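Asks: Here's the letter readout for the chains.
There are 2 protein chains.
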Amino acid sequence: MRLTPYLLWSSRCAIYHLLPPSGYSNMAGLASHWSKSKSARLLISNGTRQLHILSKRHNVPEIVQNLAPAGLHVTCQNTRAFHPGITDDSFIFRQLLDYKSYTYTYLLADSTTNEAILIDPVIETVERDYRIIQELGLKLIAAVNTHVHADHVTGSGEMKRRVPSCKSMIAEVSKAKADLKLKAKDSIKFGQFELEVRSTPGHTNGCLSYVWHEKGMVFTGDALLIRGCGRTDFQEGSAAVLYDSVHTQIFSLPQHFKVFPAHDYTGQTMSTVGEEIKFNPRLRRSKSEFTDIMNNLKLPYPKQIDKALPANMVCGIYDDISTASSV
Amino acid sequence: MRLTPYLLWSSRCAIYHLLPPSGYSNMAGLASHWSKSKSARLLISNGTRQLHILSKRHNVPEIVQNLAPAGLHVTCQNTRAFHPGITDDSFIFRQLLDYKSYTYTYLLADSTTNEAILIDPVIETVERDYRIIQELGLKLIAAVNTHVHADHVTGSGEMKRRVPSCKSMIAEVSKAKADLKLKAKDSIKFGQFELEVRSTPGHTNGCLSYVWHEKGMVFTGDALLIRGCGRTDFQEGSAAVLYDSVHTQIFSLPQHFKVFPAHDYTGQTMSTVGEEIKFNPRLRRSKSEFTDIMNNLKLPYPKQIDKALPANMVCGIYDDISTASSV
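Protein sequences, first through last, are from chains R and V.
FYI, UniProt numbering numbers position 84 of the first sequence as 84, with every residue one higher than the one before it.
FYI, UniProt numbering numbers position 147 of the second sequence as 147, with every residue one higher than the one before it.
Please note that the accuracy of each hint is not assured.
Unchecked claim - Partner residues aside, some chain R positions facing chain V, computed with beta carbon under 10 Å:
#1 Gln95
#2 Tyr102
#3 Thr105
#4 Glu135
#5 Tyr265
#6 Lys278
Rather than coming from a laboratory, the hints here were simulated on the basis of the structure.
Since the structure is predicted, the reported quantities are computational estimates derived from the model, not experimental observations.
Glycine included, C-beta positions come from ideal geometry on N, C-alpha and C.
The shape of chain R in the complex, shown without the other chains (with noise of 0.2 Å):
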């Protein structure tokens, strides 16, 4: 006899979680996950016909042990659920963007806690990113900026006072305010879900990106753009030290693994670690030619730089600068 039973999940839960290594061991978990969804449903079937379909009321593991012997299927109602892709719904992710500085800000939401971050938000789009947050439901905890910008204000501080449980974040080392300094080896956690922090300084010293590990993508900043890297001829910019923190802390994570970056000036909204490794016209040379391309790009000085930079070493709240400004 070759029993073969097994259990598929409905959208909410991404399938791994319902094939634990070994066997049925981690089901509790797995019911829990299953009680908190809303869409979720599974059926009971022997291969061919659907016998009974499960409710929040039945105990899922008790069940799935009983049917095995049995011979009998749990299954999924629709298997158009079940797709990997972007249909997975664990999750929220928005890429959102500012036509003004070309800059790009990210939502990302655990959807069954409703916890969500933004990264780099620009001050001009808040109201927009704001209504965003009402709309689909969502309870932000942090505003969290990759580097202090020099193209745009950041819009934690005015997120701040419309949300005022949510905590602005950037790198220690930067020195500008926030509710929260981070540093490498830092984890933001939102729900169940959690960035790794990775210090990449080159572009400014307090350069972070954020490591999604569990859905495969990195947050990069201005360290690594798409085909191409921030400027490091300003604001404590090393092309030596940008290439060094690209090199180990992005280009040593899985090829597969998106690259969403804080800009792009070419209309593309996502590249791949492997693609940057094999493409990136300046970042796949050597260090020496990337510190030369680097040193000899005669870039004009950045428009919004004089109002940027002590903007945004205050969280972006005016009302701060002119403080700062005093004293």
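Given chain R, put chain V in place with the hints provided.
Replies: Below, chain V without anything else, positioned relative to chain R:
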């Protein structure tokens, strides 16, 4: 004795392929999928310890069937590669942006066969899109337009010059020139995937939406925009017709389906069917309220219309325009 044989799969293949509803009947397809994949690695374990890594020369179906009675498992070496979410790499999805006309171009591809299609290419960004297609090693088989655009010139013709095997596609009723004329219920196939063509007139007569059922996405052109919709005051536009199109063809899709429009002017990159049903300020209303709103928008004449419309009737190729106007 309780046996729990199961097979996990690495990144190239969706996990549901590995769990056919009635045991391992589909093992042959599975093994063939595995043998084509570059990155897949499988390992055999007894639940606590890795015993053996399967290589390409193994006969996977045979092995799995022999493992089951011995209480052994076949599992994937890198569980991270399994995560659903956007780490599924059975397909490639890229959203691309034209900053001048705020147009989104979408690149979709099957990462096994490398067949790709472009939805709504823009003439000014053909060079960028062509470079990405080359870098990703894709074979572009179609340039698909959602409608005859009035705000930018399509890149279909320019892309066909670079990739002669690429076929241009547009709605039959648009009367525009194209290699393939589409109508409702047609399928656009690329590799293992297909899009369903839906007719969604109202902005223009020939507006089509494309539904990727398997990945839970709909490409809505100008019929449905994020918290908005295309104008209905020229090019055979009709507010009443647009209302019916959106309600019967798009709002009838599952609410978790991702909405990818042809444009967004506010820096949002996607929405969902559920969000638009709930929050679209125009389309959540009654048909008569919607018609009133649309008939009183008082929008300026589109900037590029006099250049764009005649060009888009002939795939955006200027040579053809001069011929067309001399006829």
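Asks: Look at each hint and say if it fits the structure.
Replies: Hints and how they fare:
With a cut of 10 Å, the hint placing R:Gln95 at the interface with chain V holds, because the nearest CB-to-CB distance is about 5 Å. With 10 Å as the threshold, the beta carbon of R:Tyr102 comes within range of chain V, its nearest partner Cβ sitting at about 8 Å, so the hint holds. Given hint, R:Thr105 at the interface with chain V, holds; its Cβ is 8 Å from that chain's nearest Cβ, closer than 10 Å. Residue-level restraint check for R:Glu135 holds (minimum Cβ-Cβ distance to chain V is 5 Å; threshold 10 Å).
The closest approach between the C-beta of R:Tyr265 and any C-beta of chain V is roughly 8 Å, which is under the 10 Å cut-off, so the hint is satisfied. Given hint, R:Lys278 at the interface with chain V, holds; its Cβ is 8 Å from that chain's nearest Cβ, closer than 10 Å.
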